[in-house]
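Here the protein sequences line up with chains A and B, keeping their order. Counting in our numbering, the first sequence runs from 222 upward without gaps. Counting in our numbering, the second sequence runs from 17 upward without gaps.
No wet-lab data here; the hints were simulated from the structure. Watch out, some of these pointers could steer you wrong.
[Claimed, not checked] Derived DSSO-like pairs: lysine-lysine, alpha-carbon spacing no greater than 30 Å straight-line:
1) K38(B) <-> K89(B)
2) K304(A) <-> K38(B)
3) K464(A) <-> K380(A)
4) K464(A) <-> K39(B)
5) K380(A) <-> K307(A)
6) K89(B) <-> K380(A)
[To be verified] Short, incomplete list of chain A residues facing chain B, as computed with Cβ under 8 Å:
7) N372
8) L373
9) A379
10) D531
[Stated by the list, open to error] Restraint-style ranges between C-beta atoms, simulated for each label pair:
11) R84(B) <-> V393(A): 36 to 44 Å
12) V568(A) <-> N68(B): 34 to 42 Å
13) T88(B) <-> V393(A): 44 to 52 Å
This one's a predicted model, so the numbers in the text were calculated from it and none came from an experiment. Just so it is clear, CB atoms sit at the ideal spot from N, CA and C, and this is done for glycine as well.
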Amino acid sequence: MFSSLNRLLMSRMGPAVTGAVVGILAPLLSFWGNPANMGICVACFSRDIAGALGMHRAAVVQYIRPELSGFILGSLAAALVYKEFKPRAGSSPIIRFFLGVFAMIGALVFLGCPWRAYIRLSAGDFTAIAGIAGLIVGVIIGIYFLWTGFNLGRSYKAKTPMGMIMPALAIVLLSLLIMAPVFGPDGTGPIFFSTSGPGSQAAPIAIALGVGLIVGWLAQRSRFCTVGAIRDLVMLRDGHLFKGVLAFIFAAFVMNLLLGQFRLGMEGQPVAHSNNLWNFMGMVLSGLAFTLAGGCPGRQFIMSGEGDGDAGIFILGMIVGAGIAHTFSLASSPAGPGPFGPGATIVGLIFCLAIGFLMREKASL
Amino acid sequence: MSETITVDARGLSCPQPVVETKKAMGKQSGGTIEVLVDTVTSRENVSRLARNQGWEVSPEELPDGGYRVTITKAQDVKREK
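Bound-form chain A, shown alone:
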């Protein structure tokens, strides 16, 4: 049975199967305690982790989300079982770090990664439409660079310990979550946990970790990617990853209906704002940064579990980017974009466009 499941996941239907499973589990996670329309959000969860580690002091979004550790460890397990664990690194790590920083800033201007954009849509949140449109535009700009020779250079085989750094970090985070050490001044920290707001809303640890492990395994086997889906459809007319996104949205839509979490409209949607312009622009930035880095944030976590050190660097960039977004008042809130969010989005776009133009083979300086 195990091998036939693996064959299914490795087939053209693999991403659709994974998408359907994620679409079922994500709304359930919200039902079991995660914030509304945030059953799984790779960007929001990275932001919560940054907050829990004291990298920002937005008291409402601090929690070590075990789902993301699950992604890395589930992917690691699948990669080890199927001999796909290949430690590698060295493809412009510093650029990938800053792509991660700006991908996160864009995502926090929108208030969600592509995964959450699809979840928000599936729950009737029409403010997600501008974000998804922006995501598509960002991916298309990225495709232009890919066709014109953009390249972050080769990665090289590395030794096993290098590939184990991110899985080790996943375990450290899980330990900090469970031990919840408090020895900072004033009886707080070094690990911070929200007592109100989205950061205080969480499914039980075992369930959240279990879902993360399952999704990590499935996504590793099927190469599920929410940005690659759009990229391959537009660039190669290959819709097999896109079927994963469609299955994801459809399954999440049905689940949200069944669980009473579906609410149609633009205003008052949970952890979302209705400024269409910056919902759009934030995701243009994110979509472009993800495309230049080779995959959506979920995919970066999965690849880091396979031993890809460059994906690991991108993730660390995302976590630092979340710290910056909340300390520099870049992140949006349900009231709208942060005071410096739009400016930072423009800076991020300039950075990504410069990288796109300058990192082309012919334009190489």
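Based on these hints, arrange chain B on the given structure of chain A.
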């Protein structure tokens, strides 16, 4: 022309191996292209692209742990279309 074109996509991240293969396929109506990759994902992606475009695909594992995907297509197939 029956010379084999080699695309060395080892170490390139997604979707670069596919982009480079597609560019190589665009340069000729058929023949043999040898694509070197180092992950299973890249091997699958390149194979899927080639099959979708009507090329025959034969992947093999190399001693260094990488893969060589040899894709072939009769030169005249495209011209007949």
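Taking the numbered hints from earlier one at a time, note which ones the structure violates and give those numbers from smallest to largest.
Those not satisfied are hints 3, 6 and 9.
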